[in-house]
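K.L.:
Protein chains in written order, with our numbering: chain W, -7 to 371; chain L, -7 to 371; chain Z, -8 to 384; chain G, -8 to 384.
Heads up, a few of these hints could be off.
DSBU-like mimics (lysine-lysine), calculated; alpha carbons at most 35 Å apart, straight line [to be verified]:
1) L:Lys260 to G:Lys161
2) Z:Lys376 to L:Lys260
3) Z:Lys228 to Z:Lys112
4) Z:Lys112 to Z:Lys234
5) W:Lys260 to Z:Lys225
6) L:Lys260 to G:Lys228
It is worth saying that the hints were derived from the structure and are not from the lab.
The primary structure of each chain is shown beneath.
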Amino acid sequence: MALVLNDEQTMLRDNARGFLGKNAPIAHLRALRDKRDADGFSRALWKDFVEMGWAGILVPQEYGGLGLGHVEAGVVMEELGRTLTPSPFLSTAVLAATAIARAGTDKQKKNYLSQIVAGDLIATPAVDETAKHHPEKTAMTAARAGNSFKLDGAKTFVIDGHVANLLIVIARSAGKPGDTNGLTLFLVDASATGIRAERTPTVDTHNAARLTFEDVNVSADDVLGKVDAGWNVLEGVLNVGRAAVAAEMVGAGEEAFSRTVAYLRERKQFGRPIGEFQALQHRAAHLYCELEVTRSAVLKALQTLDDSFDRAGAIVSVAKARAGLSATLAVNEAVQMHGGIGMTDEFDIGLFMKRVRVGQELFGDANFHADRLARLNRY
Amino acid sequence: MALVLNDEQTMLRDNARGFLGKNAPIAHLRALRDKRDADGFSRALWKDFVEMGWAGILVPQEYGGLGLGHVEAGVVMEELGRTLTPSPFLSTAVLAATAIARAGTDKQKKNYLSQIVAGDLIATPAVDETAKHHPEKTAMTAARAGNSFKLDGAKTFVIDGHVANLLIVIARSAGKPGDTNGLTLFLVDASATGIRAERTPTVDTHNAARLTFEDVNVSADDVLGKVDAGWNVLEGVLNVGRAAVAAEMVGAGEEAFSRTVAYLRERKQFGRPIGEFQALQHRAAHLYCELEVTRSAVLKALQTLDDSFDRAGAIVSVAKARAGLSATLAVNEAVQMHGGIGMTDEFDIGLFMKRVRVGQELFGDANFHADRLARLNRY
Amino acid sequence: MDNLETFRKETRAWLEANCPAEMRRPVQGEEDACWGGRHPVFQSDAQRLWLERMAEKGWTVPEWAREYGGGGLTRDEAKILRQEMRALGCRPPLTSFGISMLGPALLKYGSEEQKREHLPKITRGEIRWCQGYSEPGAGSDLASLQARAEDKGDQFLVNGSKIWTTYANKADWIFCLVRTDPSAPKHEGISFVLFDMESAGVSTKPITLISGASPFCETFFDDVLVPKANLVGKLNKGWDVAKYLLTHERDMIGGMGSTGDSRSLGQIASETVGTDNGMLADTALRGQIAAYEIDALAFRLTMERVGDMAKVGQAHPAVSSLLKYYGTELNKRRMELLMSAGGSDALEWEGERSREGRTARAWLRSKGNSIEGGTSEIQLNIIAKRILSLPGA
Amino acid sequence: MDNLETFRKETRAWLEANCPAEMRRPVQGEEDACWGGRHPVFQSDAQRLWLERMAEKGWTVPEWAREYGGGGLTRDEAKILRQEMRALGCRPPLTSFGISMLGPALLKYGSEEQKREHLPKITRGEIRWCQGYSEPGAGSDLASLQARAEDKGDQFLVNGSKIWTTYANKADWIFCLVRTDPSAPKHEGISFVLFDMESAGVSTKPITLISGASPFCETFFDDVLVPKANLVGKLNKGWDVAKYLLTHERDMIGGMGSTGDSRSLGQIASETVGTDNGMLADTALRGQIAAYEIDALAFRLTMERVGDMAKVGQAHPAVSSLLKYYGTELNKRRMELLMSAGGSDALEWEGERSREGRTARAWLRSKGNSIEGGTSEIQLNIIAKRILSLPGA
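Here chain W stands alone, though its shape is the one from the complex:
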């Protein structure tokens, strides 16, 4: 497959950019933040997303979705990165939809996917238990009790965890932390007895929560995929999330960069535009290269998820690691090159720095993915 967007994908990008630029520019994020919105995102905007079909972008057509691929989901993520728009798109339309579509029974799919497509369900995976991403170290227990399971433990950094209706919980039904065997995925009603959610306001004003599970009863019917064999499904879902977040960071990094280049052309010091100073020119040119090289890896990762899902691990790690590092470079250079004004809350550029820091951490940072690549390549 050629490493360029096709015409439909380009159209989707242009439409998304137009829509978000008009309806959810950065002022939208600011407004949610400044009024300390209880949801942390706009349900009205989400409804618009649903109407455009975005909630079902990855849901097969037989369940009412658009049945598009990861490249298309990535196109939307990238545009969300440009505008820093908070929404349940990542948690629900990307992660939860993938998990259910790939591992669900027909009944589960009919039930949940149709609700997702209709915008009636906010769903999210609950994976991390420690401050650093280490899914194989999952310790939350899923003890069998007759025809059901009892979940006990805690999850952190659960995207949209404070507003989700449905949780996709990874828990340990066998083995010990560190084993990839013995993990099971559960579809858990977020209002089930024994679950407490605490919203964790993060630096980027996007949405996450800590969840605690105490004796939470889950029916065996709500196992997603096979008992003890959840690892492969989880890895697939995480890969999808990693590539999607990488796409978002491409958007955020490039937007920060293009604002910086514009500033370099405008801002005058010592009687000339600062963009004339060669030291800044070279740094900007280097950063441009880094972003372009990252874009190639991210596009390839998304295409590989569409083409050969099970072999996407290495390229997804390359994409996520590079996106984290080059977007970080982009926002650091952006603040530095903007000088004092870049440090002010009033100016937007700092918001990119905040969101990119979160994206860098989500589903494994650059070090995590470098380690993963080294393991995959046996060194």
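With chain W's structure known, arrange chains L, Z and G on it following the hints.
P.N.:
Chains L, Z and G only, in chain W's frame:
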């Protein structure tokens, strides 16, 4: 102690710089290389060093030496780094002299140190067995046989190993590779039966050899220090070597840098000196900072060896790691900023790149020392 | 040396007797420091007491002459005092731009009257100062500043605005660069003046930073009358004072960057990331932290070496640019590593667990270090030109 | 697609039947490649045979028209040929600046006569070309070149010298930039001419590099007569040809950097450094290698993406500067890592064990990649101006 050279040290530096600039400039190294000198260094020049007392710079006065400290040895090493002069100063005057002075019996000291001071003995430690520095992994065996030991194994990257009269060999008298216990140091006549030396011409035209030991008989009288307890002595000797090589790299790095800055002022392109281009200015200024910061660490390491020898491990690793990295940056920038001419053999700057690469590797590279520091600081 | 040893013993004894226990804990951020001023805010009685006792001995500024309220100590004595304070963990009794910035400028350029008027109040923390340098249109190009002071006989009439005036909203007086000759080349028409922030026509507006803190203000001057006696140095020669003072500021910023956490990065990461066989479980992070700690130790030694060189007259006058550049870049690196080590916990912005997002806020704040007090780019320009003598451009 | 699949099958069959076994092993450095020329040096009969067979099919330059000696393949067919050659491990039959540099310039700017005269000989490897661009005084500032060509009626009289002429001492012809109008602004008085290196007055002097190799020469022209028919493009418009050609050169250098070792860095380091629990024993090196491999894979994908963008007309014309800059910097990083992984073994300079210091020499050679064909600094200037539209300076 103030982190500046005192008057005597400054005088030593000025004298060394004057002497080497006159008697052993880079043309001296070239001449040795181009005539494929069998020794790889000038015995006449070494005789001059001996006459100036340099061979005994670290040898206590009671054994005829100057009884100076590591700062002074470092001053000489730095100047040798500026002129890239090959000589047995590092192997004999720094490493071997330290080993014998610190661990030798009175008889050993009288015998060997006086020969070193007189310039009658070239001596060198034989430590590494693998391409990367891992002294604790020493595998060469020292098997007891009555009142003597039999050495079997191979050593590599032995400085001046092809011309040395005396080898200070670290071998395993007990335990297994990886143990720091069970290592013993031996003073071995280089002409002993069973030793074969193969000179290994290296990229920098300095001198090293691979040695093989087959059934080499060494008397118990020639143990240096205590049997099985050689590790601490070895670590001390290696620390001295690391700090000395760091000082040499400070010299080489700064000389490469100052030649580069001079070139930036002279060379014209696009109608002006290339040193006017801000991108090059910033890189040069950054490099200047790196070199200055390294100099502080190296001086402190040398002072610490003089003040509290046994507590020098951490600062020595800091110095060696930084010296390797910043001198590497200096020579890389030097070649790049000189452009095409920097790539030619005719021009000197490439010789700095070659020597620094070897210095970076000697006694542990920057990664080795970062790892060592992390271990010392327990993380 | 005997005298110094006696001084050391007496100092230690005095500190042990006089420094309250609460003042022997590290300062937790700028809010927790003692800033003094006309309307001082003390976080505790201990803080007030500690300031009073130290001010009485002149030890808020140990090396200034006693006649200006200082301690009159020699350099060696002052060093001993610092060592003993560090040994006991004593906080600085006073955080003050009067001490760190205006004082040195007054000592060098001020008239005797100005020194006697202002320095003692600085040492006692009675007047809190702020700095009026930058302007919205003049960032790195500081000398292009536009705030003007017109000659009105005995007074100047000051109009214009400043930005990045640290705590202008809490300061009592300002030291300020103003243009007194608009027709002269930009560096030659600037003067250095002092005035009371309560003067008619002065107003301030805090600027919220990306960290959420508001340490800086925009400051507006609308027909402010400033007595000519408040001119420091010569008319139109304020740029000399400014340059001198910027050097001091650089030294200060280069050395800053504490989060009030005395643990090393390696320790912090061991706790959050965990260890395998005593080694940090994230091996790449381990390598990055070790590389940082190597550079950080070498940098601390460089500050020490620059001090030692200064004593023997070997320090290059522009070396403060090295310290400012390298120190702030290092500090940013440290904060990035702290964020990496902290993982998702460090991303929290509110709440008790994260102490109101202390790590994230300190990380964001650190980004300003390489901008304020002359950007990293300006420092590199200075090094290239003044130290390396590279040709102008 | 059926036609293409047929083509693929036939191509594979032909390659299997015609590519000698010795030509299915990686090229071991420039000495081992087939360069052709009037006095060709073949390393083996297989090498000669492989060139002859491929030249006969026109597959030394598959996409050139058959009338110029090329294979006349479509882009898709040429891609299939490359894929099948890669699959079998077939070497390029011919390494030639005629193919990679002069050819594209002639196709764009040459007259029909020039194309018919020169291109077929290039495809058959009969004439070996070298490039006369740089001069000692004109490095990055290429357009300041001074070699001049005076109008002498039917001929030019060429005087001056060139530097960095690759294998000039082994080349048969040169394509060369000369100044034909000394009074015009520097970019506007340059012409692009071709001439035989056997012409009277041409001499060469090899330059030894720090790697010990001598791929470059200084080349001197002393009253060399060049027929005016050998002018390519318009008089005084040679700079356009040069710029076009530099772009091709950049693409080539950006993609280079093989040491003939097909193992990944991770594999190589595992063998030299050893592993603990399957992980490279040097954890910091492991992190550096992984970071490199991440960037290297992303860069390979970028070359692919740029190709795909070019096909749909989306590639920026200056994108070759990105490829040249990033590719050469990456290659230098790779060689540094290879030296780290190799430890003291990699420092050896002579002898069989190190294959005459192959690693060290390749490492040193790589340092020139970011200088030749336009330095990294020049590429960054181009990106800043042409892609980012930053203001001139």
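K.L.:
Look at each hint and say if it fits the structure.
P.N.:
Here is how each hint holds up against the structure:
| no. | hint | result |
| --- | --- | --- |
| 1 | L:Lys260 to G:Lys161 | 31 Å, holds |
| 2 | Z:Lys376 to L:Lys260 | 17 Å, holds |
| 3 | Z:Lys228 to Z:Lys112 | 26 Å, holds |
| 4 | Z:Lys112 to Z:Lys234 | 24 Å, holds |
| 5 | W:Lys260 to Z:Lys225 | 30 Å, holds |
| 6 | L:Lys260 to G:Lys228 | 25 Å, holds |
Comparing the model with each numbered hint stated earlier shows that all of them hold.
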